[in-house]
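Student: Single-letter residue listing:
There are 4 protein chains.
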Amino acid sequence: MFNCETQVRVRYAETDQMNVVYHGNYAQYFEVARAEAIRKLGFTYKKMETMGIMMPVVELNCKYLRPAHYDDLLTIKTELRELSDNHRIEFHHEVLNEQDRLLTIGKVVLYFLDSKTQSKSVMPQELKAALLPYFQSPNP
Amino acid sequence: MFNCETQVRVRYAETDQMNVVYHGNYAQYFEVARAEAIRKLGFTYKKMETMGIMMPVVELNCKYLRPAHYDDLLTIKTELRELSDNHRIEFHHEVLNEQDRLLTIGKVVLYFLDSKTQSKSVMPQELKAALLPYFQSPNP
Amino acid sequence: MFNCETQVRVRYAETDQMNVVYHGNYAQYFEVARAEAIRKLGFTYKKMETMGIMMPVVELNCKYLRPAHYDDLLTIKTELRELSDNHRIEFHHEVLNEQDRLLTIGKVVLYFLDSKTQSKSVMPQELKAALLPYFQSPNP
Amino acid sequence: MFNCETQVRVRYAETDQMNVVYHGNYAQYFEVARAEAIRKLGFTYKKMETMGIMMPVVELNCKYLRPAHYDDLLTIKTELRELSDNHRIEFHHEVLNEQDRLLTIGKVVLYFLDSKTQSKSVMPQELKAALLPYFQSPNP
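The listed protein sequences derive, respectively, from chains A, B, C and D. The opening residue of the first sequence carries number 1 in my numbering; numbering runs sequentially from there. The opening residue of the second sequence carries number 1 in my numbering; numbering runs sequentially from there. The opening residue of the third sequence carries number 1 in my numbering; numbering runs sequentially from there. The opening residue of the fourth sequence carries number 1 in my numbering; numbering runs sequentially from there.
Chain A extracted, bound-state conformation (with noise of 0.2 Å):
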């Protein structure tokens, strides 16, 4: 399993008349935290895109338990459960804020597409590379 934490300080432009976090506006957040968890593993989405693969969401779901509030630094915390083998890949996140308290539930399923043919396509093996150590078990 592979984990990583992310913080993002909430925006005013981010809030809405509620005094809380739109919540349209959590799917930037785990994009920020997938983007930082690629990232954690010495690679880059922007690389991914540059070698021709490219990365669209095909679904999302949100479970909002507390808002977030307005200059709240949230801890968006993402797991990856299973090291993919073909196009899909699933992302899980959580939403804490400074107490420690659980605001949000996310789930985040993506394709790994060929950007010239749209067809599908698999995780770039420098990746795959990376994510390995933390899917093999420590007593085989």
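Honestly, the hints are just simulated from the structure, not real lab data. The reader is advised that the hints may include incorrect statements.
To be verified - One-sided excerpt, in silico: chain D residues whose CB lies under 7 Å from chain A: (1) Y12; (2) A13; (3) E31; (4) V32; (5) F43; (6) K46; (7) T50; (8) R66; (9) D71.
What the hints assert, rightly or not - Per label pair, the in silico range of CB-to-CB distance: (10) B/L132 - A/R66: 26 to 36 Å; (11) D/M51 - C/A129: 37 to 47 Å; (12) A/L83 - B/K63: 22 to 32 Å; (13) A/H69 - B/G42: 29 to 39 Å.
Stated by the list, open to error - What the simulated footprint calls covered on chain B by chain A, stretch by stretch (three residues with Cβ under 8 Å from a Cβ of chain A suffice, anywhere in the stretch; the number is not a length): (14) 20-26; (15) 51-61.
Don't be surprised by glycine CBs; every beta carbon is placed ideally from N, CA and C.
Guided by the hints, dock chains B, C and D onto chain A, whose structure is given.
Tutor: Frame of chain A, contents of chains B, C and D only:
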């Protein structure tokens, strides 16, 4: 069952560098569609907040089948399958393009909350009365 | 002089916790108003990009006189005071609410650029021809 | 003179189909930079609102010289050239990329308003005291 159709023209700001509508922006399209569905019933969400009831989103689920593009005139279908009789209400959405192709499927769950106490509330009577005819069986 | 009026309904997502439209969102309203102004002339910005000409914004100026609120049906006035004969074009905007009160004044400067070479270009002939009648003096 | 530098990583959501940061999103970058400038002084904008003073933006001016791209780590420079002694305050911003190239220049004017009465107010004494040392002439 209550149905409503709303149209939204895709803004340049809503696209991303994949040349499609950023997945997180559909939450806004669903929000617009819900607001227009309520307006069609002779009520407004704005009025609801004035009356002291607010409707935070507690769950969002999206499936992205095909991308929407800049300047597309999208049709957002909204469906209320049940008449809420407690604090919870569920909207089903479909996004179609001008070629009538289904692009996105969404489900949004919201709560009725008392704005002051933040405690659970129910649908305002005025809105319920307007919805009732859509849920009465034609053959009693 | 060419004029156009477009209406935009304020989305909940566009408000912030000051209970008004976040100031940065007016750039989107102006964008919508420009796109509709071009559409009114029988052309579209989308078509322009297909032809290989893009229009990046190079300058944005806004004065915020009064706030816009959730669900307001705003009128965005767009004015083209001169017929561009080089790479530069200037749009003037005014945002008014339903009570016809002036909320915001904007000026947006854009360039016509060749999408491939990124070099300066000019307004497509087809658009210019559609605009010409608005800039011809009635009494020669 | 008071200066501050803040870094912002460009999100995918912030790009548009021109493959650059959508021009309207710089307002958010400037907002983040102002908030961090105030935090650097041991104060927060959040605290200011709690004290009953809010700061609506009344003017925004941007010049876009070069585009910012996805995943760029931008540096937002913030400059306060004068110590406000009335209801008006002016921030100057510059956005630079990792190659230290100047991308965007911004000026944002805000008012200090009493949240309850909406009447003009002034900078909170605590913030003014923190800023004062930056505006005192070294050689009286």
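Student: Next, verify each hint and record whether it holds.
Tutor: Checked hints:
1. Of the supplied interface hints, the one on D/Y12 holds, with its beta-carbon coming within about 5 Å of a beta-carbon of chain A, less than 7 Å.
2. Interface restraint check for D/A13: the shortest CB-CB distance to chain A comes to about 5 Å, inside 7 Å, so the restraint holds.
3. Interface hint at D/E31: satisfied, since its Cβ lies 6 Å from the closest Cβ of chain A, which is below the 7 Å cut-off.
4. Against a cut-off of 7 Å between C-beta atoms, the interface hint on D/V32 holds, since the closest Cβ of chain A lies about 6 Å away.
5. Given the 7 Å rule on beta carbons, the hint for D/F43 is violated: about 12 Å separates it from the nearest Cβ of chain A.
6. Among the interface hints, the one on D/K46 holds; its C-beta lies about 4 Å from the nearest C-beta in chain A, closer than the 7 Å criterion.
7. The restraint placing D/T50 at the interface with chain A is violated, with a minimum CB-CB distance near 10 Å, outside the 7 Å limit.
8. This hint is violated: D/R66 has a C-beta 18 Å from the nearest C-beta of chain A, more than the 7 Å allowed.
9. Interface restraint check: D/D71 against chain A, minimum CB-CB distance 4 Å, threshold 7 Å, status holds.
10. A beta carbon spacing of about 33 Å between B/L132 and A/R66 agrees with the range 26 to 36 Å that was offered as a hint.
11. With their beta carbons about 58 Å apart, D/M51 and C/A129 fall outside the hinted range of 37 to 47 Å.
12. For A/L83 and B/K63, the Cβ-Cβ distance of about 24 Å falls inside the hinted range of 22 to 32 Å, so the restraint holds.
13. Checking the proposed 29 to 39 Å range against A/H69 and B/G42 shows it holds: the Cβ atoms sit about 34 Å from each other.
14. A stretch counts as covered by a chain when three or more of its residues have a beta carbon under 8 Å from one of that chain; for the stretch 20-26 of chain B and chain A the count is 6, and the coverage holds.
15. Beta-carbon proximity to chain A at under 8 Å applies to 7 residues in the stretch 51-61 of chain B; the threshold of 3 is reached and the given coverage holds.
In summary, the structure is inconsistent with hints 5, 7, 8, 11 from the numbered list given earlier, while agreeing with the others.
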